[in-house]
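Trainee: Sequence:
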Amino acid sequence: MSNMITSNQEENLTHLVESFKMELSPLFKKYNVSFAYFGGSWVRGKQSAFSDMDIFVSLPSLVTLSSEEIFVLLSDFSRKACEITKQDTLEITVLERIPLHVQFQAIKDGILLYEENKDIRINFIENLLKYYYDHKIWYHNYLSQAVEG
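Each residue of the sequence shown is one higher than the one before, counting from 390 in this note's numbering.
By construction, these hints were calculated from the structure, which means they are not laboratory data.
It is possible that some hints are incorrect.
With beta-carbon atoms standing in for the labels, derived distance ranges [stated by the list, open to error]:
id: 1; residue 1: Glu485; residue 2: Met411; range: 21 to 31 Å
id: 2; residue 1: Glu537; residue 2: Lys469; range: 39 to 49 Å
id: 3; residue 1: Arg468; residue 2: Ser396; range: 31 to 41 Å
id: 4; residue 1: Glu399; residue 2: Glu457; range: 39 to 49 Å
id: 5; residue 1: Glu407; residue 2: Glu537; range: 41 to 51 Å
id: 6; residue 1: Ser533; residue 2: Lys469; range: 39 to 49 Å
id: 7; residue 1: Ser533; residue 2: Met411; range: 39 to 49 Å
As a list, the in silico DSS-like pairs of lysine-lysine whose alpha-carbon atoms are at most 25 Å apart [said to hold, decoys possible]:
id: 8; residue 1: Lys435; residue 2: Lys519
id: 9; residue 1: Lys419; residue 2: Lys475
id: 10; residue 1: Lys410; residue 2: Lys475
id: 11; residue 1: Lys507; residue 2: Lys419
id: 12; residue 1: Lys469; residue 2: Lys418
id: 13; residue 1: Lys507; residue 2: Lys497
id: 14; residue 1: Lys507; residue 2: Lys410
id: 15; residue 1: Lys497; residue 2: Lys519
id: 16; residue 1: Lys475; residue 2: Lys418
id: 17; residue 1: Lys497; residue 2: Lys418
id: 18; residue 1: Lys469; residue 2: Lys410
id: 19; residue 1: Lys410; residue 2: Lys497
id: 20; residue 1: Lys507; residue 2: Lys418
id: 21; residue 1: Lys525; residue 2: Lys497
Please read all numbers here as calculations on a predicted model, not as lab measurements.
Beta carbons: idealized from backbone N, C-alpha and C, even for Gly.
Starting from the given sequences, assemble the full structure and let the hints guide the process.
Mentor: What follows is the structure in structure tokens.
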């Protein structure tokens, strides 16, 4: 199977991204999202009938909230995003709450949907790259040892 995205897939992806940008921008603004990326299998052209649609958001304000408040906020945000886009397979993931290597992949492969302030996004990426490459060797050694047993 080819890793190339067909022109039809690319056209569908472009339409989907433009729809998400238009439909979700007010929601991103309401929930103080700093920036958001569309990522995962849809962006790589590897989606199937079982694939969800991954949206990665930066929500630095979460650090001040309790676990219960975070759960309520994310549940509400996800429900509204699904209603607005009429997509029941949206998965909203907060970048600040996932491992470095997943953050890196989300931004490296993802498509920017929204940014409140370009400088905030660039600063996040600069810090991410610094930490990612600092930890990359350790991470790969850890995985190699885990696989080898």
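Trainee: Does each hint fit the structure? Answer for all of them.
Mentor: Hints, verified against the model:
| no. | hint | verdict |
| --- | --- | --- |
| 1 | Glu485 - Met411: 21 to 31 Å | holds, 25 Å |
| 2 | Glu537 - Lys469: 39 to 49 Å | holds, 46 Å |
| 3 | Arg468 - Ser396: 31 to 41 Å | holds, 34 Å |
| 4 | Glu399 - Glu457: 39 to 49 Å | holds, 42 Å |
| 5 | Glu407 - Glu537: 41 to 51 Å | holds, 46 Å |
| 6 | Ser533 - Lys469: 39 to 49 Å | holds, 42 Å |
| 7 | Ser533 - Met411: 39 to 49 Å | holds, 44 Å |
| 8 | Lys435 - Lys519 | violated, 29 Å |
| 9 | Lys419 - Lys475 | holds, 19 Å |
| 10 | Lys410 - Lys475 | holds, 14 Å |
| 11 | Lys507 - Lys419 | holds, 18 Å |
| 12 | Lys469 - Lys418 | holds, 13 Å |
| 13 | Lys507 - Lys497 | holds, 16 Å |
| 14 | Lys507 - Lys410 | holds, 16 Å |
| 15 | Lys497 - Lys519 | holds, 14 Å |
| 16 | Lys475 - Lys418 | holds, 19 Å |
| 17 | Lys497 - Lys418 | holds, 23 Å |
| 18 | Lys469 - Lys410 | holds, 15 Å |
| 19 | Lys410 - Lys497 | holds, 19 Å |
| 20 | Lys507 - Lys418 | holds, 14 Å |
| 21 | Lys525 - Lys497 | holds, 15 Å |
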